[in-house]
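All chains, full assembly: derive it from the sequences and hints.
Chain by chain, the residues run as shown.
Number of protein chains: 2
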Amino acid sequence: MILDGKKIAAEIRGELREQIEALRAAGKRAPKLAIVIVGHNPASETYVANKIKACAEVGIEAEKIAFESEVTETELLAEVQRLNNDPAIDGFIVQLPLPEHICETKILTAIDYRKDVDGLTPENVGRTVQGLPSIISATPRGIRELLARYNIPTEGKHVVVIGRSNIVGKPVALLLMQRPYLSLPGMSASSLGDATVTICHSKTQDLASICRTADIIIVAAGSPKLLTAEMVKPGATIVDVGINRVDDPASPKGYRLVGDVDFEHVEPIAGAITPVPGGVGPMTIVSLLQNTLQAYDLKFDI
Amino acid sequence: MILDGKKIAAEIRGELREQIEALRAAGKRAPKLAIVIVGHNPASETYVANKIKACAEVGIEAEKIAFESEVTETELLAEVQRLNNDPAIDGFIVQLPLPEHICETKILTAIDYRKDVDGLTPENVGRTVQGLPSIISATPRGIRELLARYNIPTEGKHVVVIGRSNIVGKPVALLLMQRPYLSLPGMSASSLGDATVTICHSKTQDLASICRTADIIIVAAGSPKLLTAEMVKPGATIVDVGINRVDDPASPKGYRLVGDVDFEHVEPIAGAITPVPGGVGPMTIVSLLQNTLQAYDLKFDI
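Residue numbers (my numbering), protein chains in the order written: chain A, 2 to 303; chain B, 2 to 303.
Treat the hints with caution; some may be incorrect.
Since the list gives no way to pick out one identical chain from another, each pair is judged satisfied if it fits inside one copy or across any two copies.
As the list claims (entries may be wrong) - Taking lysine to aspartate or glutamate and the EDC-like style, the derived pairs with C-alpha atoms no more than 20 Å apart in a straight line are: (1) Lys234 / Asp207; (2) Lys204 / Glu156; (3) Lys65 / Asp113; (4) Lys226 / Glu19.
The hints are simulated quantities; they were obtained by calculation from the structure and are not laboratory data.
Just so we're clear, the structure is a prediction, and the values are computed from it rather than from any experiment.
Given below as structure tokens:
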């Protein structure tokens, strides 16, 4: 079975559109997301344009706030504070990477966690770990949602996560390991969390035999064809977070995008698998929209 | 080999005493810890007395701030804010449990992470996850220190953690899994972190066979004799975090303390093992002292 992230993301966008229309119909304002971008990195420009387009599709107001790359750290911190305090802004993100003279960590940690719709502040990460109300970063949230919508249970299952990044590996491991007290608006609550989770990475010995014991494998290592058929137990669920460019003279662009999984050989034995593109990617963008609505809706009373 | 927490904790106390004497000799003030206690729970009174005694032994100034159990949440929050702002206090802890009319989470999340020497605020937990400067909660820090001082490497080893509590299971798993960028004052930096980590809990299926693949097992489940000899690979390192009372008519108190490990049968096959008492317990108290000195010393520039 193919886990069709594109289709599920479209379904969720439809649900979000209805919820936001209902808000408007009740006389309330629309949720509003601000996106801060510094400089003119072409990839960043494209990502930001896609996010703004996705907002428009569901009725979230989006504001792009552009700075030239000469902006100082102090000026950018002041903008973060302004956005933290602006009641018309429900959530905001600072598009990475930032120019070298600006400390990304300093900027990110300055964001009020209640508006941190990328879910990357330490406060949000710690809250997620502790099971407190939090905004979960987009990719882990999207992965959990995709599994939930395909009714793939995680309770008591062995999940192997390959990769220990702050934006995917560590948070998705925590999310799937814990008690399912983090059910979120618009998300099916059943069978989320309660997995036995193993986190593997570059120092792991005998990755293949660990993977063969997994019911669910989440690969976020940034390495094409890292996960091969010999590493997969028949019937296992495979979630491929990788996005790698490989040369392809047959393609007009000279390259194509592939994940971290040897899809051709793994797909026949997997019980379920995400394609690249069209799997985790679309879920990540729609998670940002869900997070924005959550920031609009949620009262963080603790 | 017995991992003698009592002996190592005494060594560390000796090192702390020397460091604090050197500060005083240089004309600086001593570090100061405040301990907030509410009501008259006898166990809490004992814990607080032990912590104050441990502070005195190394030259940390300690102040006990006692409230009657009728104190309101608002009053206690005001005290937390006062301590956050008092430059004479380097760190403080609020002894748990609190009376039922006070939300523990609300109190704990109000503590400034730079003074949170119990390392339990979401900000500190998130910072630990992300590898940023942080104060690590006492038991995980003590476990890592104990392994380091006995030169037990974790890099590339398979660590199985049994238990997913906020104060032990989750943070120790994160600590041992990550890149060893969290080296701390007074701690040997080698071989910390970089383990492959599996987190098991009450929903885990076939715990025994997972444990048998482990090089290091950390048990923090609160269940006597949970870990038996059949679950242990010969030569594995066993860290027992459990403290359970079991009836013992032969003891003057009518009970004795045991861990989560069937020590009698596991010890002969383990490569190294912590006793209960005298293993993780003393390391936990000394970690609080180390955290207080860290809060005194450390500049959190991000």
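Tested hints:
Proximity of Lys234 and Asp207 under a CA criterion of 20 Å is satisfied in both settings, with 15 Å inside one chain copy and 17 Å between copies. Proximity of Lys204 to Glu156 under the C-alpha cut-off of 20 Å is restricted to the inter-copy arrangement: shortest distance 7 Å between copies versus 27 Å within a copy. Taking the closest pair of Cα atoms, Lys65 and Asp113 come within 20 Å of each other only inside a single copy of the chain (19 Å); across copies the shortest separation is 33 Å, beyond that limit. Proximity of Lys226 to Glu19 under the C-alpha cut-off of 20 Å is found in neither arrangement, the shortest distances being 40 Å within a copy and 54 Å between copies.
Violation of the numbered hints given earlier is confined to hint 4; every other hint is satisfied by the structure.
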